[in-house]
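**Q** Here is what each chain is made of, one letter per residue.
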Amino acid sequence: MGLPINRWYVVASTDEIGAEPLARQVCGKRVVLFRDADGDIVCLDDRCSHRGFPLSAGRVVDGQIQCNYHGLRFDNCGRCTWAPGQDRIPSRANIVAHTTAVQGPWVWLWVGDLTAPDPGLLPRFPWLDDPDWAVVHGMEPLAARYGLLVDNLLDLSHETFLHAGFIGTPEVAETPITTEVDEDAGVIRVSRHMEAAECPPFYSESTGLQSPIDRWQDIEYHAPGNYLLHIRVAPHGQDPADDDNGKAAYVKVLYGITPSTESTTLDFWAVCRNFAIDDDEVSAFMAKMNREVVLQDVEALDQLEVYLAEQEAAGVTPVEVSFKIDTGGLAGRRMVEAMS
Amino acid sequence: MGLPINRWYVVASTDEIGAEPLARQVCGKRVVLFRDADGDIVCLDDRCSHRGFPLSAGRVVDGQIQCNYHGLRFDNCGRCTWAPGQDRIPSRANIVAHTTAVQGPWVWLWVGDLTAPDPGLLPRFPWLDDPDWAVVHGMEPLAARYGLLVDNLLDLSHETFLHAGFIGTPEVAETPITTEVDEDAGVIRVSRHMEAAECPPFYSESTGLQSPIDRWQDIEYHAPGNYLLHIRVAPHGQDPADDDNGKAAYVKVLYGITPSTESTTLDFWAVCRNFAIDDDEVSAFMAKMNREVVLQDVEALDQLEVYLAEQEAAGVTPVEVSFKIDTGGLAGRRMVEAMS
Amino acid sequence: MGLPINRWYVVASTDEIGAEPLARQVCGKRVVLFRDADGDIVCLDDRCSHRGFPLSAGRVVDGQIQCNYHGLRFDNCGRCTWAPGQDRIPSRANIVAHTTAVQGPWVWLWVGDLTAPDPGLLPRFPWLDDPDWAVVHGMEPLAARYGLLVDNLLDLSHETFLHAGFIGTPEVAETPITTEVDEDAGVIRVSRHMEAAECPPFYSESTGLQSPIDRWQDIEYHAPGNYLLHIRVAPHGQDPADDDNGKAAYVKVLYGITPSTESTTLDFWAVCRNFAIDDDEVSAFMAKMNREVVLQDVEALDQLEVYLAEQEAAGVTPVEVSFKIDTGGLAGRRMVEAMS
Chain A
20 MGLPINRWYV VASTDEIGAE PLARQVCGKR VVLFRDADGD IVCLDDRCSH RGFPLSAGRV
80 VDGQIQCNYH GLRFDNCGRC TWAPGQDRIP SRANIVAHTT AVQGPWVWLW VGDLTAPDPG
140 LLPRFPWLDD PDWAVVHGME PLAARYGLLV DNLLDLSHET FLHAGFIGTP EVAETPITTE
200 VDEDAGVIRV SRHMEAAECP PFYSESTGLQ SPIDRWQDIE YHAPGNYLLH IRVAPHGQDP
260 ADDDNGKAAY VKVLYGITPS TESTTLDFWA VCRNFAIDDD EVSAFMAKMN REVVLQDVEA
320 LDQLEVYLAE QEAAGVTPVE VSFKIDTGGL AGRRMVEAMS
Chain B
20 MGLPINRWYV VASTDEIGAE PLARQVCGKR VVLFRDADGD IVCLDDRCSH RGFPLSAGRV
80 VDGQIQCNYH GLRFDNCGRC TWAPGQDRIP SRANIVAHTT AVQGPWVWLW VGDLTAPDPG
140 LLPRFPWLDD PDWAVVHGME PLAARYGLLV DNLLDLSHET FLHAGFIGTP EVAETPITTE
200 VDEDAGVIRV SRHMEAAECP PFYSESTGLQ SPIDRWQDIE YHAPGNYLLH IRVAPHGQDP
260 ADDDNGKAAY VKVLYGITPS TESTTLDFWA VCRNFAIDDD EVSAFMAKMN REVVLQDVEA
320 LDQLEVYLAE QEAAGVTPVE VSFKIDTGGL AGRRMVEAMS
Chain C
20 MGLPINRWYV VASTDEIGAE PLARQVCGKR VVLFRDADGD IVCLDDRCSH RGFPLSAGRV
80 VDGQIQCNYH GLRFDNCGRC TWAPGQDRIP SRANIVAHTT AVQGPWVWLW VGDLTAPDPG
140 LLPRFPWLDD PDWAVVHGME PLAARYGLLV DNLLDLSHET FLHAGFIGTP EVAETPITTE
200 VDEDAGVIRV SRHMEAAECP PFYSESTGLQ SPIDRWQDIE YHAPGNYLLH IRVAPHGQDP
260 ADDDNGKAAY VKVLYGITPS TESTTLDFWA VCRNFAIDDD EVSAFMAKMN REVVLQDVEA
320 LDQLEVYLAE QEAAGVTPVE VSFKIDTGGL AGRRMVEAMS
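Residue numbers (my numbering), protein chains in the order written: chain A, 20 to 359; chain B, 20 to 359; chain C, 20 to 359.
Take the hints with a grain of salt, since some may be wrong.
Heads up, the list lumps identical chains together, so a pair's fine if it works in one copy or across two of them.
Claimed, not checked - Taking lysine to any residue pairs in the SDA-like style, the calculated list, with each CA pair at most 20 Å apart, reads:
id	residue 1	residue 2
1	Lys48	Val301
2	Lys48	Glu339
3	Lys266	Asp298
4	Lys48	Ala162
5	Lys48	Ala333
6	Lys343	Asp237
Calculated directly from the structure, the hints in this document are not laboratory data. Fair warning: this is a prediction, and the values are worked out from it, not measured in the lab.
The task is simple: from the sequences and hints, build the whole structure.
**A** The following block contains the structure:
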């Protein structure tokens with residue numbers, strides 16, 4: 020099938036990259052991340068040029084990574100600076116350095132043509148480093164192909180069942196949606212505006228709002244890997260024009276959907292809010308609860324992957340029945356396929 | 020190789036099917052079992068028609084099964100009765116309902132042509148629901164192809180070695196057998212009548228009989244999946260015509276040999292007895308001991324499967340040497356092959 | 020790729036072969052080892068001729084191995100001496116007996132043409148049974164192809180990094196080597212003589228020598244599976260001609276590199292010393308420390324195997340860069356390939 024390359028994918032959060040090398044796999048490519056002597060993030064192929072040993076099993080010495088097998092060292096450009104018994108080191112011992120970009124807590128990796136990282140394709144997630152917003156974030160690995168996570172996030176009707184008691188209420192599955200597909204921009208928008216809805220624990224406990232509320236879910240999916248859910252929760256009937264003075268709360272739930280291999284995925288998530296931004300208890304609550312929600316998805320999608328892989332191994336193409344709610348998901352699949 | 024279809028296979032025991040859905044795999048087919056509002060057993064494909072999610076990961080609501088992903092519901096005929104955001108549900112959202120049949124504690128599933136379940140092929144195991152007989156039963160999964168269990172059960176000489184101290188005594192391996200193969204009926208009979216034999220713990224502790232005993236083993240194998248071992252144990256020399264007034268004990272050991280996948284098997288077993296039928300201690304003893312015997316088979320056959328699979332992966336056809344004791348087993352393999 | 024056959028490989032140590040059967044796999048061949056009634060070592064195919072059950076799951080009865088499934092017995096020549104229900108046992112029920120050779124604690128197995136075990140190919144490791152030398156030994160299984168262990172042992176520059184604090188010091192990676200390749204004899208010699216070097220714990224604690232020392236490493240590799248490291252450690256500047264009267268210590272580190280399957284290896288090691296030969300504390304120290312060193316190799320090579328297998332599965336031929344230190348290793352690969 021192939022995975023979409025010449026794209027940016029979230030590869031790590033900045034706080035994961037410290038004194039020890041960090042191994043990651045993105046679109047099948049194994050990379051190692053560490054910091055050079057200036058504290059800048061370095062991302063190299065995770066394979067020593069000598070005998071192929073994983074550099075991530077080594078250590079960082081003076082801002083260079085040292086292979087733990089025969090001690091070869093590589094600098095922040097991937098240049099080999101030392102090899103045993105060699106005075107002169109041939110340039111073919113150098114390894115590939117990859118381009119990364121940082122936005123708030125997230126580090127994106129350019130995957131594809133090394134000479135042409137395209138800054139225009141980087142997503143704009145300004146809330147990640149806006150002092151007026153508080154951010155909690157995390158990552159969970161999925162033993163499932165990333166397309167299943169795209170499907171999952173483009174059809175939130177599943178919140179009612181899979182995430183009941185967290186973010187799901189009956190209204191999510193019941194309220195009609197609108198879907199817009201912008202093929203040229205590679206963006207899909209799915210919106211669901213719930214009126215006089217039940218306030219689920221995720222919002223009642225963090226904002227203090229009580230049922231009934233008006234709850235808006237406006238999805239923006241930038242294929243293949245960037246996902247943004249604009250949320251507005253407010254007392255039922257409040258005029259959105261009064262939000263600045265009222266009790267409305269805005270939340271941005273961001274996902275970095277990163278294919279690790281053909282059948283595994285890194286599920287990066289961040290929850291940004293514009294209220295109680297200095298309240299550590301609210302931060303801890305939202306981080307814990309969103310992680311539990313993500314883990315519910317992980318469990319479900321991992322199960323689904325087992326079933327799908329089994330059918331593929333048997334040469335069976337599973338038949339699916341699609342409904343109106345699937346319009347966005349199906350459009351997402353088409354976009355991703357065109358990129359792959 | 021293929022597995023024999025258009026047959027009934029034991030899929031579960033009735034007491035396994037309750038408030039929670041039960042997942043099973045038979046001949047590679049994944050099904051979910053639950054009870055409808057009347058308490059009747061329902062068996063559906065374990066795959067939601069929408070996105071393929073396992074229904075067995077969901078729950079039973081008002082006698083229907085509800086998918087835990089997007090909440091689709093299916094009734095006892097497999098009809099989809101609810102889907103998110105849909106007023107009208109297309110009939111192609113319905114899923115397959117399978118035919119089952121109950122006999123005592125066992126539930127058989129018809130595997131094959133859905134329109135033609137053949138009641139004539141159902142085994143007759145009357146002791147399973149005869150009030151004059153007591154039944155204990157269980158199931159153990161095997162990580163081995165079902166043919167290995169057929170081999171195992173058709174040559175009981177292995178009791179002497181694998182089941183020593185349980186049901187095996189030296190006489191089992193030493194006593195000659197007679198074998199009858201009825202190709203037309205698809206039945207194999209292997210008989211071994213031991214005279215003045217040692218009474219193994221399984222029978223001495225349950226019946227009170229002391230060595231020496233006369234011990235008969237009369238196997239009836241109905242290919243591919245139904246196996247019946249008629250056992251008579253009696254004081255040595257007792258005239259079988261006097262069994263009704265004497266101390267003879269009759270036991271029927273039944274096996275439902277159910278291929279789960281090409282290389283895994285569900286080993287359903289039941290032990291029926293016509294003595295001490297209200298004695299719970301005897302029931303508990305026989306259940307515990309037979310389970311241990313089954314687990315000894317499981318361990319051995321799982322080991323054998325590893326060896327066989329390894330040779331197959333290497334493209335080697337293992338050479339076997341067969342003896343007189345293998346007549347029944349070899350006939351069983353031929354019958355099964357003709358059905359596959 | 021194939022593994023080199025018509026060779027001797029270390030299959031076990033004598034103290035592993037006792038009352039219980041021992042299962043081993045060499046070059047993909049599964050064998051079982053036990054002792055006959057005279058205490059002599061027997062090595063048979065680990066597969067009952069009847070139904071293929073692993074004999075190693077059985078037990079030794081009167082110096083014969085008895086299958087735990089149907090009780091077949093095989094003597095020290097592989098002759099089947101008993102089968103259930105058989106008076107006459109056909110000779111085709113016999114199984115293969117393999118030729119072994121013992122030298123000190125190690126048992127070598129001839130793998131290949133059963134009719135032509137070549138004693139001339141047996142390695143000469145006289146220190147293994149010389150009363151003037153003390154021997155400690157062990158075996159660790161590798162989840163890595165044996166060629167990786169050959170690479171590893173022919174380039175000891177890795178000691179500095181992988182075995183720092185045990186046997187590695189900076190001088191090992193820094194000191195130039197000389198390499199001799201004797202294609203006709205199938206022997207590779209790699210030598211490194213370090214002058215005024217740091218004495219690593221492995222030698223300082225066992226010999227009492229203090230830094231600086233002169234430390235010689237003279238490798239002899241007899242492709243494919245026999246490896247010998249001649250070590251001399253002595254106070255810096257001591258004339259080797261005075262070694263007999265001085266404080267020089269000689270150590271022979273032997274490896275039996277045994278391919279188990281295409282991707283797994285048995286790493287037999289022995290450390291022979293000519294000092295403190297009756298000192299159990301020194302023996303315990305050297306055994307413990309060398310095992311830790313071997314486990315460091317195991318961990319590294321197992322990691323490397325994962326990376327290599329992944330690339331092979333993806334159809335990628337990994338590019339390697341070789342240096343002067345790799346001369347011996349590359350020659351070793353060529354020799355092994357010519358034998359495979």
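**Q** Are the CA atoms of lysine 48 and glutamate 339 at most 20 Å apart within a copy, between copies, both, or neither?
**A** This pair counts as between: shortest inter-copy Cα distance 17 Å, intra-copy 31 Å.
**Q** Within, between, both or neither: how does the pair lysine 48, valine 301 come out at a Cα-Cα threshold of 20 Å?
**A** Neither: 37 Å inside a copy, 47 Å across copies.
**Q** At 20 Å max between alpha carbons, let me know whether lysine 48 reaches alanine 162 within a copy, between copies, both or neither.
**A** Close inside one copy (17 Å), not across copies (23 Å); limit 20 Å.
**Q** At 20 Å max between alpha carbons, let me know whether lysine 48 reaches alanine 333 within a copy, between copies, both or neither.
**A** between (28 Å within a copy, 11 Å between copies)
**Q** Is it within a copy, between copies, both, or neither that the alpha carbon of lysine 343 lies no farther than 20 Å from that of aspartate 237?
**A** Within one copy only: 17 Å inside, 62 Å across.
**Q** Cα distance capped at 20 Å. Does lysine 266 pair with aspartate 298 within a copy, between copies, both, or neither?
**A** within (17 Å within a copy, 70 Å between copies)
Violated hint for the displayed structure: number 1, the only one.
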